[in-house]
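Residue numbers (the working numbering), protein chains in the order written: chain A, 43 to 419; chain B, 43 to 419.
Some clues are possibly wrong.
With beta-carbon atoms standing in for the labels, derived distance ranges [said to hold, decoys possible]:
{"#": "1", "chain 1": "B", "residue 1": "Glu176", "chain 2": "A", "residue 2": "Gly246", "range": "27 to 35 Å"}
{"#": "2", "chain 1": "B", "residue 1": "Lys180", "chain 2": "A", "residue 2": "Gly246", "range": "30 to 38 Å"}
{"#": "3", "chain 1": "B", "residue 1": "Gln112", "chain 2": "A", "residue 2": "Asp204", "range": "38 to 46 Å"}
{"#": "4", "chain 1": "B", "residue 1": "Asn334", "chain 2": "A", "residue 2": "Glu302", "range": "33 to 41 Å"}
What the hints contain is simulated information worked out from the structure, not anything from laboratory work. Just so you know, even glycine gets a beta-carbon here, dropped at the ideal spot from N, CA and C.
There are 2 protein chains.
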Amino acid sequence: MAAKRTSSMLFRAVQQSRATDSQFLRGVSGVVSQQQTTTVNRSQLPRFYSSKPEAGKSLKIVGVLYKAKQYAENPKFLGCAENALGLREWLEGLGHQYIVTDDKEGPNCELEKHIPDMDILITTPFHPAYMTPERIKKAKNLKLALTAGVGSDHINLPAASDAGITVAEISGSNTSSVAEDELLRILLLLRNYLPGWKQITAGGWDVAAVASKSYDLRDKVVATIGAGRIGYELLKRLKPFDCKQLLYWDRQSIGKAKEEETGATREPDLETLLAKCDVVSLNIPLTEKTKNMFNKELISKFKRGAYLVNNARGALVDAEAVKEACESGQLGGYSGDVWNQQPAPADHPWRHMPNHAMTPHLSGTTLDGQAGNPFFC
Amino acid sequence: MAAKRTSSMLFRAVQQSRATDSQFLRGVSGVVSQQQTTTVNRSQLPRFYSSKPEAGKSLKIVGVLYKAKQYAENPKFLGCAENALGLREWLEGLGHQYIVTDDKEGPNCELEKHIPDMDILITTPFHPAYMTPERIKKAKNLKLALTAGVGSDHINLPAASDAGITVAEISGSNTSSVAEDELLRILLLLRNYLPGWKQITAGGWDVAAVASKSYDLRDKVVATIGAGRIGYELLKRLKPFDCKQLLYWDRQSIGKAKEEETGATREPDLETLLAKCDVVSLNIPLTEKTKNMFNKELISKFKRGAYLVNNARGALVDAEAVKEACESGQLGGYSGDVWNQQPAPADHPWRHMPNHAMTPHLSGTTLDGQAGNPFFC
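Next up, chain A with everything else stripped away, as it sits in the complex:
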């Protein structure tokens, strides 16, 4: 099967890179649909498509990226449709066809036209091309779905696996970008920043209105749900804030060395952890198991008035339950850059709920995040 051949090519590239290149850069690719995470050196990506295709073997590669319009003039802004991840010259130079579009929704979109004969699909989590089982069924030639980022939940993994499609992503590419952004959001919520800024721009000055709901991070109990790459980087950044307690919930321990480094303690029982925390940050992948995990029932286990930060995936939480908790005061505030549908519809309940500090999905796509992402050539 073509799909299997491509997959084994990727593994061969990995093997070769390990054998021949001692300078491993940050992780490039985790193979998701086969439940293996492995790293590929940046220099291996060209090797993956290393030779000019023979006659008739030109690949059709489709990229789905958001449009940057005037912002695309910045040559560092690679992750947009106009700049096509910086791959066009290289891929076309190798004789492949490279189509990039931002039009990804509905039966008449540009993406739909290419599904039946595309060989490779490149997507990002920022402007996700949702590969449903129906679309995967139509994608008869698809061998590889590459996520230029972390988190491939927009690809239906069981369907991709059944079809023999390799789903791969760029593990670790945006770890520090996202962890930084999470600390920003924790401080924003705790310190009640936004109402102060709004006052100033509206011509006002009322210290009490802001200070009366403003807290320090110092002496608070803070947890990350998930202590993988990003969760660990967040814990490291929380360390010098002299929190009362740093906790994490994960299926496995981060190990004694990292626990000592960060001062964090593992709490295996989620509800016990939630009841203690002033701040909770989500850093787990979205899977069938974690979808809507933070529903009304679980949110009721939080300490009243706690803050929830979610830069992982919007669908980890029940959107309505979060809105209700912000309205009732069960949550003191909610901030994140991820939504259960992206772009978020204009009437999404999170746009106007109280004490939110939401943005579009961008914490992993700073200019530095793009430059440091070894996928962007």
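Based on these hints, arrange chain B on the given structure of chain A.
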């Protein structure tokens, strides 16, 4: 002289506290007008006014604090006019007169009425009662001007010193509160947070418009101007962000141990430092020497597009020069909670300049900051 007597009473309290109490809490009082900084135990404050006044020796104590209106219902919200720093019962119980007002400006304000016969003035930097030489001249009975916070630049120090008035403040009371807030502002500016939040609340979604000006803190050059208590706490919090370089400018070194702990390097030449930095945070007191220090000339020495964070004092910078630099792009953004006049007038140029992230003055007056401030009894 009465003023000298009160001053020596304060010193005696300090001496006694050192002699009799081994449990020193966080610093309570720095004596400013005599250029000495010393600490007083929380329990010593009552000792300072320890005995019921003899007949005719009741002191007139005036507090100037902002009004919290409905927010004053929170009993933890001590630093407002209504809750009077939590001192009313105690001071009145000792037979003193305690007048608290928020009315501090102009010749007919409430404060003016009490200036001629007040013995002690208690103020905060959040709603500063500006004690000009003219006011000090009228304050014939004033012995002690206490700042319930850090920074007594709203008191004219040469005039207070000439009049024998002790000016004292609560050194260290809000160190971590302010340092936290500075890190928040650094991240806010670098990561271009506010435009993303504005998009969401306005019903929009344009990742490129935000991401095209969004950077990581990682690998940046960051400096604090002033490495006292707050500057040092900021450096500690910056450490795990893997900045390219952490620098500080101060008249003296923080010492080898703190330099090793934070990874920061002293750069004695200010202009050399500014030319290197992506982010600069001000943490120096406002004095005659530092007033308007960051004027057009000095701002022109910054690396183009650098970010400036100022939670120290608004008048350290030239307000117009900052506005022009934000407009021209010489500064990538400016954030702080301090203004050259507080409350800031409705037409202050910083309210609507590009890329600002200003709030009212509040970083040192979180509820935790108030609870942790040993002055608030």
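task = If any of the earlier hints don't hold here, list their numbers in rising order.
result = 3, 4
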